[in-house]
Structure formats: C-alpha cells, structure tokens
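2 protein chains.
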Amino acid sequence: MNQAVIAIHGGAGTITRAAMDSSREREYIEALEQVLIAGQRVLADGGSAMDAVTEAVRLLEECPLFNAGKGAVLTHEGTYELDAAVMDGATLNAGAVACVTRLRNPVLAARAVMDHSEHVLFAGEGAEAFALSQGLELVSSDYYFTKARHEQWERARAVKGMALLDHDAAALANGALAGQADPIDPDNKFGTVGAVACDAHGNLAAATSTGGVTNKQVGRVGDTPVIGAGCYADDVAAISATGTGEMFIRTVAAHDVAAQMRYARVTLEEAARRVVMEKLPAIGGRGGLIAVDRAGNVTLPFNTEGMYRGLARVGEPVMVAIYG
Amino acid sequence: MNQAVIAIHGGAGTITRAAMDSSREREYIEALEQVLIAGQRVLADGGSAMDAVTEAVRLLEECPLFNAGKGAVLTHEGTYELDAAVMDGATLNAGAVACVTRLRNPVLAARAVMDHSEHVLFAGEGAEAFALSQGLELVSSDYYFTKARHEQWERARAVKGMALLDHDAAALANGALAGQADPIDPDNKFGTVGAVACDAHGNLAAATSTGGVTNKQVGRVGDTPVIGAGCYADDVAAISATGTGEMFIRTVAAHDVAAQMRYARVTLEEAARRVVMEKLPAIGGRGGLIAVDRAGNVTLPFNTEGMYRGLARVGEPVMVAIYG
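Same order as they appear, the protein sequences are chains A and B.
One point on numbering: in this note's numbering, the residue at position 6 of the first sequence is 6, and numbering is uninterrupted.
One point on numbering: in this note's numbering, the residue at position 64 of the second sequence is 388, and numbering is uninterrupted.
Looking at chain A on its own, in the form it has when it is part of the complex (with noise of 0.2 Å):
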C-alpha cells in the first residue's frame, strides 16, 4: 500500500507582502490547512483519491477567502460565471462544467457529469438542468456575493474598463490598484482552487474550480473546466493548474506534463518544471501547478511571486505555503 497524499492550490499570482498583514496571512493559512486536514482524512478512512480532491475543492468553494463557489469573481455585467472539472485516473473519467451561474458547488456538478451522465462536459443552462436533475443545490447569485470581490469589480471598471489581467507587483506598488482587501486580487486572473492525490492504492485523481477572471467577457471559459489544459489524471500523474488560463489551454499544460512522463520517461518534477518555467512563459503563460505521480511524489511549482498551496501526506503534519 502507498503512503497516501493530497495537495492543493488556492490560486497563484502576484501576492504582495504589502497587502498580506500577518493577521490576513494567518487567516489563508489557517484555511488551506483545514481542507488539507480534511482530504488527508478522507484518504486515512480509505477514502479514494477522487473523493479526496471532490472533498476538498468542495471545501476550497465553501471558502470566501479564495475565487471559486463563493467568493467568485464578479463579470464585466457584474454576474458570476463558474467552471469546474475532475479526473479519475484509475479509469480516465472526467466530468466538467462551464460557465454555470446558479450551482453552489460546481465541482460536485462536474462530478455528478462524470458519475451520472454518458457525457464530459456541459456548458451554460444544460448544465445546470443537469445538475438540477441529480439533486445538486441551486443559489441564487447573492450567494457569490463578498464585499471584497465587489469592490475589487468596481475597481477593475473604473481602472480599466476590462479584466484586470497581467498586473505585477511594480504596477500595484504606485497606483489605485494599491490596498485592496484580498493580497492576490491584482492578478487575479490566477485565481482557480484545485487538489490532486494519490491514494493507498497507487490511484490518482485531480479536481479544478474556478469564478474565473475579474470583469472577463461574459462567455468567456478559462483553462478549469478544459480536460488536459487545467484538470488532468492518468495512471501516471494527476494534475490542477492555476494561472492564465488561455496559456494553460494552449500548452495543454496539464497533460504535457504526464505525456512527459509517459513518453519522455522524465520525472514528475522535471515534467511540471518544463511546463511552468520554460513553455508557459514562452508564451507569456504564468500561473503554476500542483501534480502526483503514482509513487506518492508532489511538485508545486509556480513562475509567480506566490501560490496559496500546501500538501497532506496520511500520518504526517500538514505543510502549507504562500510565497515562493
């Protein structure tokens, strides 16, 4: 039997130590540990790899602190517009979701594709019929709703008029960008939640969500709900990606990391390390990734200043880390 493992992301991106006090650290750190303690022990009872991930990016979207389920992003018309997705390794199912507006917890909707439905993936109002239709709970969009995302949507409008996209830490320092509530929000574009494991039995798994981009296009569909660009799991390695999400599509960042492994016969670590440190920023990609290979190893790795993430293996003390 394996040593079982889970890890997660809660978004990567430029984090400012200006913005992050040690009381509003605290708070994200405390947070991440929490779900970790919670999908380690799903994985102690036995509980498979894929249960893990759907448990703790269900607990990921319950958190206002980060962009998925509530404490989404808002859209240009001022809406929230959701994706989701997961992987089985053990058997390549998947399921996901885009562009959802009313479900509460788009990552069991994605779940419920990949259990209940001969499909992968549906968009817009079929999939939330669908999710409606296997007993999922719907909200009403107040419940996306923090004053801290609000604000950082009207700030994004009257800035830029368009997505606060690739800001950094120079731009922030001087300007009307500067002080807002969430350390993260000015790249916000990286804001995604993901988790990936292996459990006792060798089993991978990876689960993605998403309120995508601050003042996106309506329609717009990031990298989250993409099998191979944001969620991807074989028997070889299961991996969630967070960042710009085009970049992650068009890498097919998610899968090249195992296709590596599988035809290249390099490590997970090398894999991952290609992908966020020479081809995604060959592309002006930024973002990273977390990734498990069979055998239990972890790779974090991120080409911004920061990802909210950490790592669980069963038996051992939880890590957890911010800053590069």
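Be careful, since some hints might not be right.
[To be verified] Okay, the calculated bits of chain B under chain A, using three or more residues with CB under 8 Å as the criterion:
# : segment
1 : 417-429
2 : 467-479
3 : 542-554
4 : 564-574
5 : 578-592
Hints are computed from structural coordinates only; laboratory data are not their basis.
Every residue, glycine too, gets a C-beta built ideally from N, C-alpha and C.
Position chain B relative to chain A; hints supplied.
Showing chain B alone in chain A's frame:
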C-alpha cells in the same frame, strides 16, 4: 520550401453501403473534392496553413451533407448548438466557440476569437456577442435546417427517446433506422468536419467544426472546441478528430498524437495509429482523425467502417475516400 498539403474529414462512423447508392456516393465524393480543391488553391497561392484549413472548414459548414453549420443535427429540444475550434501550430494561437446557436460559420467565429480576442474559448451567448462585435453573420435557426436532419431527429426521439449513439451496422440492418437519407446518420455522434494543413513554410494548422450529436442534451459539449482533444496543432503535427467526443476528451486525443511524436520520437502514422486503434478503443472510443506533420506526411486512421476523407498536395490530383 515544402510541398504544401491539406487533408479534410467530414465525419466517421457506420457508413452503410446499403444506404449509400451510387448517386449519393458521388454527391459526397464531389463535395469533398470541391473543398479540397479550394483548400489546395489557398496553399498554391502561398496562403498559410491556417487560411487553408479555415476556408476548407467554412466550405464544409456551408455544405448541407455534413454535420456542421448548414446541415447540423438537432438537440433534444429541437434546437441547434454548434462548436468549432482552430489552432495555429506556428504560434500555438487558438480560438474556439461552444454551444453557439445563431452563427452561420462557427469556424469563422473561432478564427475571430483567435485573431481578435485575448481569450481562447467562448461559450453560448457570450460567443455570439463576440462574433457579432466582429461583424460575423448571424442566421436564424431555419438556416441550419435540412429535411434529412429533421427526419433523423424525429426518428431518434421516436425510437430511443435519447441521443442516437452507439449503433452499429448490424443493429441498423434490422430495424427502424434503416433506409434513412444520410448514410452516416445512424452513427451521427461521429458527424464532425475538420481540416489540417502544412503550408510551403512547414507551418501547421488545424480546424474542426460540428453540430454535435442528434438529440443530445442541451449544453453538452464534445471534443470539437476542446483544444488538445478534437483540434490541436504545434510545430510537430496538426490534428483534427471526429468520433465519440467524450473519449477523445478523456484521452486528450489530438495532443497525444503530437506528444508521442515529440517525446517518444515515433512517426506521425504510428502515433495516430496508437491513439485511434489502441487508446480510444480501450475506453470504448470510436471514430478517427486526420493528421499532418511538418514534413508533409499525412495519416487518416479510423476505427469505424468509414470516414469521409481526402487529401490534396499542391500540384497533384486530389484523393478522396469513404470506406476502409
């Protein structure tokens, strides 16, 4: 300079010879030839691979014989939902639209997303709003109507009350589905069109477009607009797929062909064979793909009885085929 080449497909599946009389066969062959001649002309005039595949797929969408654009199949609700994607191997630029209902040429919308948006994928009304802002032509749903597809939809509702999927020739031979107008309809899940090309500079491109599955649930998205699944191009290979979309998503089929070539150093033909003849059947996947590499090699494998397909090298006669 390379000898430029373009290849196309018009869907794969159980093309029953019984349903395909010689005049109908001629109709399909002539349609494929006309599209190839047009694509060949773009390349002969020094056009890019990207321009050649866009034009070929636009013409396939215009042709009512194929399940894309005019001639698309109907959803369970009697509506139309179309998907398309393009990818430029020279730059890894890509564009895609999913679940559009009012665009005359979804492939032109995908191309506009690639050329004029910072995003890669738009779904639903957001995709249409973007296309409209780019001056693309909207149509009423009457535009897509063909008598053959409507009759097929009515049969699907009557016979199965669900999507017309995994029929095989044997099942067809004895029943209610025989004698219909379109010889490939019984397996219409496989109805998709696509093109791949290598231009004189050795640059590669791919484009794919579909009306989806007859009687499908609203909101279902197949592999067509998923970069890496039904459409992919890089500097190694360009691939367009057609088949049971869900399995092409789960195997990240198009990207896997290129990844095998890049990392395992296998040939285009061998990489495509493994995906179509081994990986897809292992999870019940049926269909085929067309692929080209930068040396101008072309392969057109399928694991079904037939695939509408063809290729044209600049300066040579076009070649088309239907059966295996």
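Hint check:
Coverage of the segment 417-429 of chain B by chain A holds [criterion: at least 3 residues with CB-CB distance below 8 Å; count 4]. A stretch counts as covered by a chain when three or more of its residues have a beta carbon under 8 Å from one of that chain; for the segment 467-479 of chain B and chain A the count is 0, and the coverage is violated. For a cut-off of 8 Å, the count of residues in the segment 542-554 of chain B with a CB near a CB of chain A stands at 9, and the three-residue condition holds. Note: the segment 564-574 of chain B has 4 residues with beta-carbon separation from chain A under 8 Å; the three-residue rule is met and the coverage holds.
Coverage of a stretch by a chain is defined here by at least three residues with a beta carbon nearer than 8 Å to that chain's beta carbons; for the segment 578-592 of chain B and chain A the count is 7, and the condition holds.
Taken one by one, the earlier hints fail for this structure only at number 2.
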